[in-house]
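Undergrad: Kindly generate the complete structure, drawing on both the sequences and the hints.
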Amino acid sequence: MTATLTGLDPGTVEDLISSDASLRRFLRGLPGVDQVGADARSAALATRSIKTTAKAWALDLAIRLIDLTTLEGADTPGKVRSLCAKARRPDPADPTTPPVAAVCVYPDLVPVAVEALRGSPVQVASVATAFPAGRAALPVKLADTADAVAAGAHEIDMVIDRGAFLSGRYLQVYEEIRAVKEACGTAHLKVILETGELTTYDNVRRASWLAMLAGGDFIKTSTGKVFPAATLPVTLVMLGAVRDYRAATGRQVGVKPAGGIRTTKDALRHLVQVNEIAGEDWLDPRWFRLGASSLLNDLLMQRTKAATGRYCGPDYVSLD
Amino acid sequence: MSTERLAVRKTYKLYVGGRFPRSESGRSYPVTTAPGGFLANAAMASRKDARDAVVAARKAFPGWSGATAYNRGQVLYRVAELLEGRRAQFADEVRAAEGLTKRDAAGAVDAAVDRLVWYAGWADKIAQITGAANPVAGPYFNLSTSEPTGVVAVLAPHDSSLLGLVSVVAPVVITGNTVVVLASETGPLPAVSLGEVLATSDVPGGVVNVLTGRTAEIAPHLAAHMDVNGLDLAGAPGDLAAELETAAADNLKRVLRPGAEDWAAEPGLTRLTHWLETKTVWHPTGT
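Residue numbers (our numbering), protein chains in the order written: chain A, 368 to 687; chain B, 2 to 288.
Keep in mind that the hints are not guaranteed to be accurate.
[To be verified] Partner residues aside, some chain A positions facing chain B, computed with beta carbon under 8 Å:
id : residue
1  : 455
2  : 459
3  : 674
4  : 678
5  : 679
6  : 682
7  : 683
[To be verified] Capping the alpha-carbon separation at 27 Å, the derived lysine-lysine pairs in BS3-like fashion look like this:
id : chain 1 : residue 1 : chain 2 : residue 2
8  : A       : 632       : B       : 103
9  : B       : 103       : A       : 592
10 : B       : 14        : A       : 632
11 : B       : 60        : B       : 280
12 : B       : 14        : A       : 446
13 : B       : 103       : B       : 14
14 : B       : 280       : A       : 632
15 : A       : 418       : B       : 103
16 : B       : 60        : B       : 49
17 : A       : 632       : A       : 422
18 : B       : 103       : A       : 672
19 : B       : 11        : B       : 126
20 : A       : 422       : A       : 672
21 : A       : 422       : B       : 49
22 : B       : 11        : B       : 49
23 : B       : 280       : B       : 126
24 : A       : 446       : A       : 418
25 : A       : 632       : A       : 672
26 : B       : 49        : A       : 672
27 : A       : 592       : A       : 548
28 : A       : 672       : A       : 418
Derived by calculation from the structure, the hints in this document are not laboratory data.
We treat Cβ as the ideally placed atom computed from N, Cα and C, and that holds for glycine.
TA: Below, the structure is given as structure tokens:
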């Protein structure tokens with residue numbers, strides 16, 4: 368690792384963001400990601416076999432880590448309410464099933480979710496900043512964010528301006544994240560990098576650092592609207608970034624892969640990576656989330672299988 | 002230059018979701034001829050293969066049950082056509098598996114082809130037999146029609162490796178059900194070759210899934226599976242059948258008990274109508 372990664376005090380950060388050039392020098396000076404190595408490491412970790420009691424533990428953990436998401440143009444208050452009911456008690460037939468971490472909706476549906484989740488530990492997350500493209504003027508994005516926060520969202524998922532990032536205007540991206548962070552107030556900020564549009568792992572690492580330097584509480588892979596979304600190697604690169612960032616600054620940042628995680632197997636593979644790359648500290652809803660919708664049903668079916676010994680079917684879980 | 006060719010041996014795999022995977026477990030078991038000589042190694046499916054097969058069958062169900070009966074009949078007839086074209090290969094495999102004479106083996110293959118054609122013809126006629134316009138005391142049309150049950154798990158008979166298999170699978174799929182069939186444990190090779198025929202004859206992937214392996218190991222998982230709607234116990238050993246029927250009761254599966262069957266005889270409609278549900282619709286006559 369280069370010297371820049373060990374000991375990054377606030378003064379140094381001030382220097383970094385003093386100009387576009389210095390920020391660019393820092394981000395481009397980050398050690399490159401060995402793409403073949405990252406893919407191979409990820410593939411090797413994906414072969415880990417998790418069984419019996421460890422699997423039962425991992426299934427419950429995965430449920431606790433889920434940001435149960437519905438981000439469709441066709442979302443209705445009724446759909447959000449039923450999703451919230453499912454978030455509180457994922458399996459009504461089994462009260463030992465833990466609730467999920469959060470429900471993630473569009474800003475206009477935040478009041479509905481807040482009302483439906485009152486008195487439960489489930490958080491309300493809202494996407495904002497002209498999700499999913501992020502193509503709007505900054506005042507519009509800030510108003511979008513402030514709206515969601517005012518409506519009671521505990522967490523805000525913002526998208527970065529990929530156009531600015533890819534054309535090297537890092538300072539603009541940085542300042543936008545700062546501004547949104549300010550608009551968030553006490554709400555947690557998750558920064559969506561949309562890794563499917565960043566093309567290289569080097570860019571993923573740069574965007575991760577940029578988002579962390581700008582004060583993001585979480586870095587999130589994707590909107591779920593662009594494919595490929597959350598792949599294992601991309602999450603691996605981001606997990607490495609949060610680990611390095613904590614070593615350099617002492618501040619811990621969370622990671623949220625989202626989009627394309629549909630099966631229990633995928634989820635367990637992500638958990639193995641979290642444990643191996645970032646460390647056990649991240650295996651907690653405060654520091655790691657899985658953005659998903661259909662994954663929960665698969666986890667519940669596996670949980671039922673573990674409890675009853677019988678394979679379960681989609682007739683026994685809710686439609687979503 | 003030597004004129005001797007290297008033997009090109011066939012790998013017998015499973016047929017799941019229109020593909021030919023090896024068993025997830027990596028296991029295989031030796032298959033012998035009726036007298037006991039080594040024939041080949043067949044894949045020994047695990048419960049996870051059974052689970053995958055049920056998922057594939059469930060996925061294929063909406064498309065297959067939504068196809069017109071006429072279309073399903075044509076597809077099954079196509080299977081018969083292709084099987085007819087590979088009679089020689091199947092006759093050899095059946096002969097090796099069951100220890101029949103050359104003539105009897107060829108006869109069994111012919112009977113299997115004829116059985117497919119027979120069931121194919123029933124596709125667009127069964128609704129007339131099982132459906133009805135019911136008389137009711139009111140100004141209503143009252144119509145009953147039959148619909149497929151869903152995903153059916155079939156334990157194929159052990160003694161008849163091809164004719165028996167076709168006789169239990171064809172009546173399930175022709176009405177729009179999808180099937181996970183556990184092939185004869187002692188003679189699984191014709192079943193795997195039938196999978197090759199199905200794969201090339203317009204039967205959508207997942208409609209028929211063929212597993213090979215130990216009946217006693219796989220059958221309990223299929224019987225208890227909550228996403229399986231029917232269970233045909235044709236190939237269940239006597240002591241296992243009752244146990245499987247108990248396990249199947251958990252989600253009220255339709256169960257067809259094993260009986261003494263003569264696979265060469267005219268089948269009748271029992272197997273065809275067993276995997277149908279009746280839907281009755283009331284409609285005002287508008288008078």
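Undergrad: Are there hints from earlier that the structure breaks, and if so, what are their numbers?
TA: 1, 2, 3, 8, 9, 12, 14, 15, 18, 19, 24
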